[in-house]
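**Student:** Respectively, the protein sequence lines represent chains A and B. At position 172 of the first sequence (counting the first as 1) the number is 171 in numbering that gives the first Met the number 0, and the numbers step up by one without a gap. At position 138 of the second sequence (counting the first as 1) the number is 137 in numbering that gives the first Met the number 0, and the numbers step up by one without a gap.
Hints were generated in silico from the structure; no laboratory data involved. Accuracy of the hints is not assured; some may be wrong.
Simulated crosslink set (SDA-like; lysine to any residue; CA at most 25 Å straight-line) [stated by the list, open to error]:
id, chain 1, residue 1, chain 2, residue 2
1, B, 237, A, 181
2, B, 237, A, 180
3, B, 183, A, 165
4, B, 238, A, 173
5, B, 186, A, 180
6, B, 189, A, 177
7, B, 382, B, 186
8, B, 85, A, 77
9, B, 85, A, 239
10, B, 185, A, 166
11, B, 189, A, 161
12, B, 237, A, 168
13, B, 402, A, 101
14, B, 413, A, 292
15, B, 238, A, 98
16, B, 379, A, 310
17, B, 85, A, 166
18, B, 413, A, 97
19, B, 413, A, 161
20, B, 379, A, 174
21, B, 185, A, 173
22, B, 185, A, 96
23, B, 237, A, 38
24, B, 186, A, 57
25, B, 379, A, 91
26, B, 141, A, 292
27, B, 189, A, 172
28, B, 382, A, 74
29, B, 379, A, 166
30, B, 185, A, 165
31, B, 382, A, 100
32, B, 189, A, 167
33, B, 238, A, 83
34, B, 379, A, 85
35, B, 413, A, 166
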Amino acid sequence: MMNRTTHPPDRRPVRDRNGAATAAPPPAATASRSRRPSSQQWAAWAFLAPVTLYLGLFYAYPLYRNLDLSLRNYTVRSFVQGDAPFTGLANYRTVLDDPTFGPALTHTVVFTAVCLFFQYAIGLALAVFFNQHFRLSATLRALFLVPWLLPLIVSASSWSWMLNSDSGIVNALLSTVGIDPVHWLTSPSWSLTSVIIANIWIGVPFNLVVLHSGLQSIPSSLYEAAALDGAGAWRRFWSITFPLLRPVSAITLLLGLVYTLKVFDIIWIMTKGGPADSSTTFATWSYRLGFGNLLPAFGPGAAVGNLLVVAALVFGLVYLRVQRKQALS
Amino acid sequence: MNRSSRRRLSAAAMTVAALTAATTACSSGDGNTSAKAADSGTYTIWDPYPQFAKDSDWVKLLEGCGSEAGVKIKRTAFDTSDLTNKALLAAQQDNSPDVLILDNPVVSTLAEAGVLTTTDENKVDTSKVDPNLLAAGQSGGKTYGTPIGANTLALYYNKDVLKTAGVDIASITDWKSLTAALAKVKKAGKKGITFSAIGTEEGSFQFLPWFWGSGAKLTELDSAQGVSALSLWSDWMKKGYAPNSVINNTQTTSWQEFASGDYAFAENGTWQLANAEKAGFDYGVLPIPASDGGNAAAPTGGEFVTIPVQGDTGRYTTTQKLVSCLTSTENLNATDTTLSYVAPTSEVQDKQVAADAKLKPWVEAVKAAKGRTSDDLGTKYPKISEQMWKAVQSALSGSQSPKDALVAAQDAVK
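For reference, chain A alone in the conformation it holds in the complex:
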């Protein structure tokens, strides 16, 4: 239930299967050029049709619907009757003027930046550590993958129990060393920090795995040569490991950015974006507009969702650019 996306599940794409099938380029166009398409061309079209169909049904159509939803004034009545008037960018204006917009934007940026920095830094440190190939290193590394394997509902619920103000284990530990209890999830000044901590914990394994495999591709002869020249461990890290790991780092960070931008489950389970919007990001705000109220506001909800899609798209393009650059070099 928590994995719902920002657009309401629409069953139309399934029904329109035949309609969309004809949207694939008809073979007639090729027939006019070469009178009979060769069997090779037929095979090519046959190969292309499923993927076009798939992309159309499950990517293009939902995206189009979400865009359409955000450009019309949907009430519950017009949602059912399908006669919502086109209102242009009115929903986006509503969203921009909403007092939640400013805090949500700040929280999204802070959440993404801080999570990304710590996930990468901790992931890299652990990757270098496990690259030493000491005894049990494989076992320990496997243990670090646990957060990744747990369903998000389990890990987020565990975090919210641990951080409970009155009966959580974290406050119990703090009190044994004489620190006053912290209202991790219920104080506006701590709630964002708490969800960031939980999300860093969940994101470290991904960084660890990718960076660790990146480290394997650095030839050990380089380290040996550097050691012979008298370079210390610190020097070897900054002059060999870090620069040679740059391509892998770039991809890890960019993928992490796209994932972190749309994190929803952890925040929703731990704080519901509260108290009083103090941990609301675009993802939770969009969900709350569309589904978190008895009276759904589909239009503004879709508008917030689209802003997220655009942000993710921008970074996706950056990723493609970086990848192409790497392929060329």
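With chain A fixed as given, assemble chain B onto it according to the hints.
**Tutor:** Chain B in isolation, oriented as in the chain A frame:
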């Protein structure tokens, strides 16, 4: 990347995509929760009781009513929070179920959407239902369904804790005496009261008895009475009578705190009665007091049986038979006992109290209760409610004073 390797890559990608498309195409058919079966002798019922499996009394009752009306029943259970959007989508595709059982504050939203038929059209008899319960399903002078059962909130108390603290439960008649009792409990080293002030509809539901008990009205959140109700809660928290965790408590987690045996009071609902029996300590139930004495109006919970609009109006006759069967005196008694609800008609309420005297304070609380969408608020209620739970969260977390929080909430509702 050179050309040939790119081509190989895209060929591989295409194969994968083709496989995925093929598998999804196969599975998409079964995933469709099409409400209308091809067989017109099959009637569909959607309910928000996923806890009841195929062999439960509830499903047997549905099937029994079906065979009485000479039709087959296809029943689908949804999570309550899922049901509104599912019902809207089904209506958009003219695919609504024949009978839809849904949470009472949602009735006005679906009625506004034009999804539900009125009792004038579907001829469902609502004459025996208590008017304060029926009001939640009324909007613009029309009635859109009939309640299957009701629940509401009251204060559970732990007799052992009160004894240790030297509190006489009979002395609690208004907010002042309740706060005094909480002070005594805290002095005795026990915990005061737990409730749920989470940032969802649940939080508003729990705050309403205090809000209404102060004499405030939902159309004016920032009235002096409204501020006094929110101040009551935030003062309790400041003084340590209520735990800080209430800000994130659902009604279930709040109940777990009370079940630990440390708390003197818990605001919770009829549905916890079975758990209270299992709690392992002596408990009692007290209606929530109003600010100056007497009982506060608590909001009504519970579901309504409604008949969604159908393209084929010929179906209503049979559907009406099904609904009458489900809400007949005998069946209501059985259903509400399984759900741990209070029945919506006096006739069945009397039967319930005769069978279990512990239900008496609950029947009284339900009689004093008020629908959230009543007073012709209808679809205005969800907007007010969202601002109200936000204000409660702001005040309890200390980011705004109760007055500022409610003024901001009233401004946002407009």
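**Student:** Next step is simple, just say for each hint if it's right about the structure.
**Tutor:** Hint check:
Annotation: proposed proximity of residue 237(B) to residue 181(A) holds, straight-line Cα distance about 15 Å (limit 25 Å). Simply put, residue 237(B) and residue 180(A) have alpha-carbon atoms about 15 Å apart, close enough for the 25 Å limit, and the pair holds. With a CA separation close to 20 Å, the supplied pair residue 183(B) and residue 165(A) stays within the 25 Å bound. Restraint check for residue 238(B) and residue 173(A): satisfied, since their Cα atoms lie roughly 22 Å apart, inside the 25 Å limit.
Annotation: proposed proximity of residue 186(B) to residue 180(A) holds, straight-line Cα distance about 20 Å (limit 25 Å). At roughly 22 Å between alpha-carbon atoms, residue 189(B) and residue 177(A) fall within 25 Å of each other, so this suggested pair holds. A C-alpha spacing of about 40 Å is found between residue 382(B) and residue 186(B), which places the hinted pair above 25 Å, so the restraint is violated. A hinted pair counts as satisfied when its Cα atoms are at most 25 Å apart, and residue 85(B) with residue 77(A) qualifies at roughly 16 Å.
Proximity of residue 85(B) to residue 239(A) is assessed by CA-CA distance (about 56 Å); at most 25 Å being required, the pair is judged violated. With a CA separation close to 17 Å, the supplied pair residue 185(B) and residue 166(A) stays within the 25 Å bound. Simply put, residue 189(B) and residue 161(A) have alpha-carbon atoms about 22 Å apart, close enough for the 25 Å limit, and the pair holds. Between residue 237(B) and residue 168(A), the direct Cα distance comes to roughly 23 Å. Compliance with the 25 Å bound is thereby established for this hinted pair.
For the hint pairing residue 402(B) with residue 101(A), the CA-to-CA distance comes to about 23 Å; that is within 25 Å, so the pair holds. Between residue 413(B) and residue 292(A), the direct Cα distance comes to roughly 18 Å. Compliance with the 25 Å bound is thereby established for this hinted pair. Distance restraint check for residue 238(B) and residue 98(A): the Cα-Cα separation of roughly 31 Å exceeds the 25 Å cut-off, and the hinted pair is therefore not satisfied. As the CA atoms of residue 379(B) and residue 310(A) are separated by approximately 34 Å, the hinted pair breaks the 25 Å bound.
A C-alpha spacing of about 37 Å is found between residue 85(B) and residue 166(A), which places the hinted pair above 25 Å, so the restraint is violated. The straight-line distance between the Cα atoms of residue 413(B) and residue 97(A) is roughly 13 Å, inside the 25 Å bound, and the hint therefore holds. For the hint linking residue 413(B) to residue 161(A), the alpha-carbon distance of about 40 Å lies beyond 25 Å, and the restraint is violated. Restraint check: the Cα-Cα separation between residue 379(B) and residue 174(A) comes to about 46 Å, which exceeds 25 Å; the hinted pair is violated.
At roughly 23 Å between alpha-carbon atoms, residue 185(B) and residue 173(A) fall within 25 Å of each other, so this suggested pair holds. Annotation: proposed proximity of residue 185(B) to residue 96(A) is violated, straight-line Cα distance about 45 Å (limit 25 Å). Between the alpha carbons of residue 237(B) and residue 38(A) the distance comes to roughly 80 Å, so the proposed pair goes past 25 Å and is violated. As the CA atoms of residue 186(B) and residue 57(A) are separated by approximately 62 Å, the hinted pair breaks the 25 Å bound.
The hinted pair formed by residue 379(B) and residue 91(A) meets the criterion: a straight-line CA distance of about 22 Å does not exceed 25 Å. With a CA separation close to 24 Å, the supplied pair residue 141(B) and residue 292(A) stays within the 25 Å bound. A distance of roughly 22 Å separates the Cα atoms of residue 189(B) and residue 172(A); the hinted pair therefore holds under the 25 Å criterion. Taken as a hint, the residue 382(B) and residue 74(A) pair is honoured in the structure, with Cα atoms around 13 Å apart against an allowance of 25 Å.
Only pairs whose Cα atoms come within 25 Å are accepted, and residue 379(B) paired with residue 166(A) is rejected, the gap being roughly 38 Å. At most 25 Å may separate the alpha-carbon atoms for a hinted pair to count; residue 185(B) and residue 165(A) meet this at roughly 15 Å. A distance of roughly 18 Å separates the Cα atoms of residue 382(B) and residue 100(A); the hinted pair therefore holds under the 25 Å criterion. Using a Cα cut-off of 25 Å, the hinted pair residue 189(B) and residue 167(A) holds, with the two alpha carbons roughly 18 Å apart.
Between residue 238(B) and residue 83(A) the CA atoms are separated by roughly 51 Å; this puts the pair beyond 25 Å, and the hint is violated. As the CA atoms of residue 379(B) and residue 85(A) are separated by approximately 23 Å, the hinted pair is consistent with the 25 Å bound. Of the supplied pair hints, the one linking residue 413(B) and residue 166(A) is violated, its CA atoms being roughly 39 Å apart against a limit of 25 Å.
Violated hints, in rising order: 7, 9, 15, 16, 17, 19, 20, 22, 23, 24, 29, 33, 35; the structure is consistent with all others.
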